[in-house]
Amino acid sequence: MRDFTKQELLILNLVAKGLMNREIAEELSMSNSTTKAHMEAIYRKLNVTNRVQAVVKAITLQIIKV
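Quick note on the numbering used here: the sequence shown kicks off at 1 and runs consecutively.
Each hint should be verified, as a subset may be incorrect.
To be verified - List time: in silico PhoX-like cross-link candidates among lysine-lysine, alpha-carbon distance up to 20 Å:
id, residue 1, residue 2
1, Lys6, Lys57
2, Lys65, Lys45
3, Lys17, Lys6
4, Lys45, Lys6
5, Lys57, Lys36
Because the hints were derived from the structure by calculation, they are not lab data.
Could you build all of it, start to finish, from the sequences and the hints given here?
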């Protein structure tokens, strides 16, 4: 598993709080497609296929705390 960027960790934490890509994009002043690209990188690094799996695995691996 690769290291996460600060932006990816921030996005993971926002996903864990229940925000959707559009809301994350607005919160971080980035485009929706940039948010989507970050999410794809997160999925790849965690070897998951959706946001629920990403959050669960990130919590389990102590990458994020809720």
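Hints, one by one, checked against the model:
1. Between the alpha carbons of Lys6 and Lys57 the distance comes to roughly 18 Å, so the proposed pair stays at or under 20 Å and holds.
2. Distance restraint check for Lys65 and Lys45: the Cα-Cα separation of roughly 18 Å lies within the 20 Å cut-off, and the hinted pair is therefore satisfied.
3. The suggested pairing of Lys17 with Lys6 holds, with an alpha-carbon distance near 17 Å, which does not exceed 20 Å.
4. Restraint check for Lys45 and Lys6: the C-alpha separation of about 14 Å stays at or below 20 Å, so the hint holds.
5. Our distance criterion of 20 Å between C-alpha atoms is met by Lys57 and Lys36, whose separation comes to about 19 Å.
Figure legend: structure checked against the earlier numbered hints; every hint is met.
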